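Generate coordinates for the entire structure from the input sequences, incorporating the hints supplied.
There are 2 protein chains.
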Amino acid sequence: MTLNKNFNNLKQSYLFVEIAKRVEAYKAANPDADVIRLGIGDVTRPLTPAVIDALHKASAEMGTPDGFRGYSPDSAGYPWLREAIADYYAQSGVKINAGEVQVNDGAKSDLGNFFDILGEVKVLVPDPVYPAYVDTNIMFGNPIFYVAGNEANGFLPMPSGVGSTRLDVIYICSPNNPTGAVYSKEQLAEWVDYALDNNALILFDAAYAEFISEPSLPKSIFEIDGARKCAVEFGTFSKMAGFTGTRCGWVIIPDELEYGGAKLGKMWYRRQSVKFNGVPYIIQRAAEAVMSAQGLKEARELIAYYRENAKTITSALDKAGIKYTGGKNSPYVWLKCGRPSWDYFDYLLTEKNIVGTPGAGFGVNGEGWFRLTAFGTHGNTIKAAERLVSQ
Amino acid sequence: MTLNKNFNNLKQSYLFVEIAKRVEAYKAANPDADVIRLGIGDVTRPLTPAVIDALHKASAEMGTPDGFRGYSPDSAGYPWLREAIADYYAQSGVKINAGEVQVNDGAKSDLGNFFDILGEVKVLVPDPVYPAYVDTNIMFGNPIFYVAGNEANGFLPMPSGVGSTRLDVIYICSPNNPTGAVYSKEQLAEWVDYALDNNALILFDAAYAEFISEPSLPKSIFEIDGARKCAVEFGTFSKMAGFTGTRCGWVIIPDELEYGGAKLGKMWYRRQSVKFNGVPYIIQRAAEAVMSAQGLKEARELIAYYRENAKTITSALDKAGIKYTGGKNSPYVWLKCGRPSWDYFDYLLTEKNIVGTPGAGFGVNGEGWFRLTAFGTHGNTIKAAERLVSQ
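Those sequence lines, one after another, are chains B and S. Residues 5 to 395 in this note's numbering are what the first sequence spells out, letter by letter. Residues 5 to 395 in this note's numbering are what the second sequence spells out, letter by letter.
What the hints contain is simulated information worked out from the structure, not anything from laboratory work. From a predicted model like this one, the values you see are computed outputs, not experimental measurements. A hint or two may mislead.
Heads up, the list lumps identical chains together, so a pair's fine if it works in one copy or across two of them.
Unchecked claim - Here are the simulated lysine to aspartate or glutamate pairs, EDC-like style, with alpha carbons at most 16 Å apart:
1. K25 - D78
2. K315 - E390
3. K9 - E262
4. K31 - D350
This is the structure:
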C-alpha cells in the first residue's frame, strides 16, 4: 500500500488556517477586543430575496411526490440552469452554447479536479497567487513555473516575463485574487496568442468578473479572439451572489477545445459522470434565480454594496499615502505594507484590531504587500478605515 | 499539452446512459406505452417533513444578516453535523469520533477522489460491481483485479477467491449493489484479516446499510475488530433519506488508519481543503435533520415503504420460480434471467414495459443476471410484479 508522496511537498498549513489560529489566540488573550475581519475573502451579506424565494419553492417541491427530484438527469446540471448561464454570457455579447456549460459545486472543486483529465503538464502560475492553484499541482506532482506580478508590471504579469520552457497550462485570474488587478483585452489577447503558439491551455478564473466596473475591461476570456481554441473559464455564484456557503459554479469548455483530437469538454463530462453526482436540485434552482432579471438586479446591488466598501478602504489608503492596486474593479485591495507581511498582519491585528491577509501567503512576490477585502459590512469597513489612518 | 491517456481505456458509454437511450428510443416509437422504471437506483418518495422543515428554516436564515452563512468553517462539515453522524453510529454500538467523520456531497465523489491521496495501487474489485469503481481506477491507470461473485458463493466473494497478487485496495459494498447480497460479521472479519495481513486498505461502501433488516448482519465495517486499522467507510443520505438529488454523504477515516506513518484522515482532510469547499449550509442542516430522532423515524418509514416493494418483487419471482438474491436486506433484487442480460433487458422493456438493469453492465459475472430496484411507487411496483408473472 503506497500513498501519494507528493503530499509530503505541501507546506504544513493552509494560509487561512494559520490566520484563523493567530486570530483565535489573540481573541483568547483579549476577549473584549473588537476585531474586524477583512481577511478571508468571504461575503457577509445575506442571499437576496429572489434566491431565498427559489430556495423555499424548490424545498417545498422536494416534499411532494410530484415535485420531488432524485438524481440530476446529468452531472453537468439541469438544462434550464445551463441555458440560464449561457444567456447570462449572451447579455454581455459572449456566445456560449448551453452544452458548453457544466455546472459544479464551486470553482475550487473544478479548478483542482480539472487536472484529472490532463496528462503530466508543466504549469504556469502567476505569483502572487491563490494558494489552491499551487497546492493542487503539488498534489499532482506537476512541475510548477512562476511568472512574477510586481509593482513594476502592476501585478499583471505578461508572456514576456515567462522563461523559455514550453508550458502546458496557464492560470489566469482576472480580476485577480489577491491583487485586484484586471487585464485589459489587449493584455489577455497576448496570453491567448501565447497559448495558441505553445499549444497550451489557459485556465481562466473569472470568479470576480461581476466586480468589474469599467466597461472596457473584459469579464470573460471568451471576449478575446482565439480563446475558444485554448481556454476554459471557471465562473461561480460565490462572490457575485453570496453563494460561498451555498455552493454553485460552472465551467465553460468550448466545443472547439481539443488537443491531439480529444475534446476536453467530453473528457470532463465523462470525468464528472464517474466522480460527481451534480449540484443539489434546490441549489440549482437558487442559482437559476440569480440569473433571472430580478436576481441579477439584486446581485448587482449586493456588489454595489461591497464596491462602496472598497471605495471606503481605498479612500483611507489615499489619505494615508499608502500605495495599492485593486478596489475599483475588484473586491480586493492590495496594499504596499513596506515590511514583512506577517509582521504587518500581527501589527494590524494587535494594534488596529483588523484582520487582513499577508501577501507572503500568496507567494514570494506578495512579500511586502497585504490584502484587504471589501466583503465586510459598511459599519465595520468604515471603522476599519478610520483605524487604518489613525495614528 | 498532454491529456490523461487512461481515458482511452474507458468504455464508450456509461451503463445508465445506454439504458436511457434504449428507453427513449422505445418510448419515441411507442408513445402510449406505460413503461415502469425499476432500472437506475434512484429513489422516488419525497423528502420527509423533518427534512423539509430544516430546508425551509435554513433557507430563511440565509436571507437574514444574522443567520447568513458563508464558507463552511471547515470543508469537512459543520461540527453539529459531524457529531450527529457520530451519534448515529453510537446508536448501533459503533464508537466513532466526530473528528473522524468528514462530510461530503455524496459517496460517489469521495469513492472516486479518494485515490488522490494514494500512490500507485493494485485494486481489488468484486465482479459484478458498481461501474464507477472500475471507471475511477481506469482513469487513474491503477491495475484492477477482480474477485468473482456468482451463484456458487451467493454473490459474496471471499478472500479465498483472490489470486496470489498482493493487492493494496479492496472495495466492499454490503449490502451489495447490484446483487443485494449482504456479508455476515464472520465473512467481513475474513476480509479485515486479509487486509491486515496484506497491509491493504478496505473501501467500505455502506450506502445501503439502513436497508438491513436482520439484526445479526453488520451495518458498518467498524463492527468488526481490527477494521479501524485497515478500513474507510463511505456513508450517504442518498438511499437512507431520499437525498439522491439533495447530495450529502460522509466518510469515516479512523484515527488509527495510517500507512508508513502517514495518517489517511489528515491527508484526506488536506486534499479536501484544497479541492472542495464543503456541502451547502442548507443541505448540511437537512442532513442533520435526518439524524434527529424524528428524522430517523421518518427515514425508516421511507425504507419500510421501499422494503414492501422488494417483498412485492421477490414474491412475484417466487411465484414464477425465478432465482434471485437480495431484496430482504437491500433495495435491490438480483434475478437469474437465464439468457444474455441485454436481451432480457430488451425483452422486459418491449414485452412487459419494465425497465431494469442488465447484469452484464456490472461485469462479466453479472451476465445472465438482472437487477430490479425497490425504489418505485407501490402502485407501479405491484403492476410490474403482475407483469413479471403474467404469460
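Results of checking the hints against the structure:
1. K25 - D78: Between copies, since 13 Å is at most 16 Å while 40 Å is not.
2. K315 - E390: within (13 Å within a copy, 71 Å between copies)
3. K9 - E262: Result: close only across copies, 14 Å inter versus 31 Å intra.
4. K31 - D350: Close inside one copy (13 Å), not across copies (67 Å); limit 16 Å.
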